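Based on the provided sequences and hints, a complete structural model is requested.
Sequences listed follow chains A and B, in order.
What the first sequence shows, in my numbering, is residues 998 to 1280, in sequence order.
What the second sequence shows, in my numbering, is residues 7 to 312, in sequence order.
Read the hints as simulated data drawn from the structure, not as lab findings.
Fair warning: this is a prediction, and the values are worked out from it, not measured in the lab.
We put the beta carbon where it would ideally sit given N, CA and C, even for glycine.
Take every hint as true, because none was put in to throw you off.
Under the rule of at most 20 Å between Cα atoms (straight-line distance), these lysine to aspartate or glutamate pairs were calculated in the EDC-like manner:
| # | chain 1 | residue 1 | chain 2 | residue 2 |
| --- | --- | --- | --- | --- |
| 1 | B | K211 | B | D284 |
| 2 | B | K73 | B | D27 |
| 3 | B | K73 | A | D1277 |
| 4 | A | K1276 | B | E63 |
| 5 | B | K73 | B | E63 |
| 6 | B | K211 | B | D24 |
Taking beta-carbon pairs under 10 Å as the criterion, some of the chain A residues facing chain B (in silico):
| # | residue |
| --- | --- |
| 7 | R1008 |
| 8 | T1089 |
| 9 | L1093 |
| 10 | L1094 |
| 11 | A1095 |
| 12 | R1096 |
| 13 | P1097 |
| 14 | V1098 |
| 15 | L1103 |
| 16 | A1106 |
| 17 | I1278 |
| 18 | T1279 |
So these bits of chain B aren't anywhere near chain A, every CB distance computed over 10 Å:
| # | residue |
| --- | --- |
| 19 | L21 |
| 20 | D24 |
| 21 | G33 |
| 22 | S112 |
| 23 | R117 |
| 24 | G128 |
| 25 | R219 |
| 26 | D231 |
| 27 | D240 |
| 28 | A248 |
| 29 | V272 |
| 30 | S273 |
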Amino acid sequence: MIGVELVKLARRPRSWVSILLLCALPTLVAVFVAVTHLAPPPGQGPALLSAVLSSGALFPAAALAIVLPVFLPVAVAVVAGDSIAGEAGSGTLRYLLARPVGRTRLLVAKLVALVVYTLAAVALVTGTAYLTGIMLFGAQPVAATPSGLTTSNLAAGATTLSGTAMSPTEIALRTLGAVSFIVVSMLGVGAIALFLSTVTDSALGAALGALAALVTSEVLVTLNAASAVDPYLPTRYWLAWIDFFREPIVWRNIERGFAVQGVYVVVFLGAAWAHFATKDITS
Amino acid sequence: MIVTRALTKRYGRLLVVDQVDLDVREGDRYGFLGPNGSGKTTVVRMLLGLVYATSGEITVMGRPVPKRVSEVLPSIGSLVEGPSAYGHLSGRANLALIDAAGKAGSRRTRRRRIGTALERVGLAGVDSRPVKRLGLAAALLRSPRLLILDEPTNGLDPQGIREIRDLLAELNAAGTTVFMSSHQLAEVEQLCTRVGIVDRGRLVKQDDLAAMRAPTGRAIVRTPDPDRAVAVLDGQVDHRDADRLLVADADTAAINARLVAAGVRVSEITAERRSLEDVVLSVTGTGSDHFGGPGPVPRTESRGTS
Chain A
998 MIGVELVKLA RRPRSWVSIL LLCALPTLVA VFVAVTHLAP PPGQGPALLS
1048 AVLSSGALFP AAALAIVLPV FLPVAVAVVA GDSIAGEAGS GTLRYLLARP
1098 VGRTRLLVAK LVALVVYTLA AVALVTGTAY LTGIMLFGAQ PVAATPSGLT
1148 TSNLAAGATT LSGTAMSPTE IALRTLGAVS FIVVSMLGVG AIALFLSTVT
1198 DSALGAALGA LAALVTSEVL VTLNAASAVD PYLPTRYWLA WIDFFREPIV
1248 WRNIERGFAV QGVYVVVFLG AAWAHFATKD ITS
Chain B
7 MIVTRALTKR YGRLLVVDQV DLDVREGDRY GFLGPNGSGK TTVVRMLLGL
57 VYATSGEITV MGRPVPKRVS EVLPSIGSLV EGPSAYGHLS GRANLALIDA
107 AGKAGSRRTR RRRIGTALER VGLAGVDSRP VKRLGLAAAL LRSPRLLILD
157 EPTNGLDPQG IREIRDLLAE LNAAGTTVFM SSHQLAEVEQ LCTRVGIVDR
207 GRLVKQDDLA AMRAPTGRAI VRTPDPDRAV AVLDGQVDHR DADRLLVADA
257 DTAAINARLV AAGVRVSEIT AERRSLEDVV LSVTGTGSDH FGGPGPVPRT
307 ESRGTS
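This is the structure:
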């Protein structure tokens, strides 16, 4: 069944169009920055973008920061929200279950397809961003500092007062860490959308529901009055992966981010399973 | 093949299926007849384990449903409330996906299975996606022992209905039990050997079609000399409608002999049988105005077929 779901995912034009768009946005940003040499000053605009002008090797991380706030969660929520509700809406769910495909099996297969999609999206964004980065900005060595990345005062890989020069391998490793953190964060969104997908027969409703949860979370994160729930909000630690590019790596928020997303994934997947396994299929 | 006991389904306070005791035997062509909204589809869904019963028991091929439904589903082909397909894929690709889902059937013979199924429903070599037949092809993929079909001919043209009827009769002759729901009397009357009539969630009658349509004990006589015939038959004529007489005597041969002996010409004489429509009307009472008789296909239940 997992194979069937992967085939469905791969043969669906939407999967590729959405990934293409995800890759296109950072490329567009990169072209603008490269042509004008006007990177946003540090602390403004998408994270890390300020440092990109000096080294293209940083662009994958910057690209992830560009797609993370909106584009990537939208894509993940659409795919996850479609998983069960889409089958219900098109009337194919009842035939799958009558094949028979066990309900738990179907849900697991949908989840695997979702993970594969998220991984593919993030990996392809990272990959294209690396290529664009190197092509447009070159691959000068980069230093990581406690406050983030810098290339100032860097002379051919020497250490600076505040930073250590990073080898390409190290950048790759840190990017890998960031990628896995982002994938897990996206799975948190995906789990919420998947749960809603078992509740409603409308794929759109499920996707929008998950996005509504994210928007709510984003609003509350910025609200001091909501500081009591702040550590438990799904988007609270979304940007913690930037800490992978500090020297030394600041693990505190990364760990918390993993933990929070883990709880969301477990709770909502559990709810999705409990609901789907006992539900009357009337679609 | 299918036995239910006191099968009941409530949605909230709405009683959709009420104490239904189905009994479908092996080899039957069972027509599950009822107006739209009488709970047919809900029963079909419960038989397939899609909807869970509020109370009552279901046994399909000796296995309790939904507890062990996964053991019997591989030998069941089903069509529920219209077929459906993935819009962005071809008919063959759709069948391949459906075939690959679930356990039964090896990968190597898939192409052949799909070819056979398409051929059976008359779709071999057709590129467009006549969805109804595609759904039936999907139901036939595994050469099922039991077909559970919800309104299988809804939305087909007369030619298509005839082909499907022939196909079902052929499959049945080869040993497949057919359980089909329908709101069309004519369809059930032409195809089925056994009929269950459902009305507002209750199974109001279930019997062999032959038994339902057993002779009523009266004879229908057509004659060009109705006045003389009435005189000869002397008080046995229940009803007269121009040249058509309804005689309260089952022995058509004896009636014929009496009339001919008296010199009355007889153009037709036959035992009266109840039509399925009569049976349905007698058991469903006044609420049966949805039953259209053998008229044109009502379009109301065709959602999901496009």
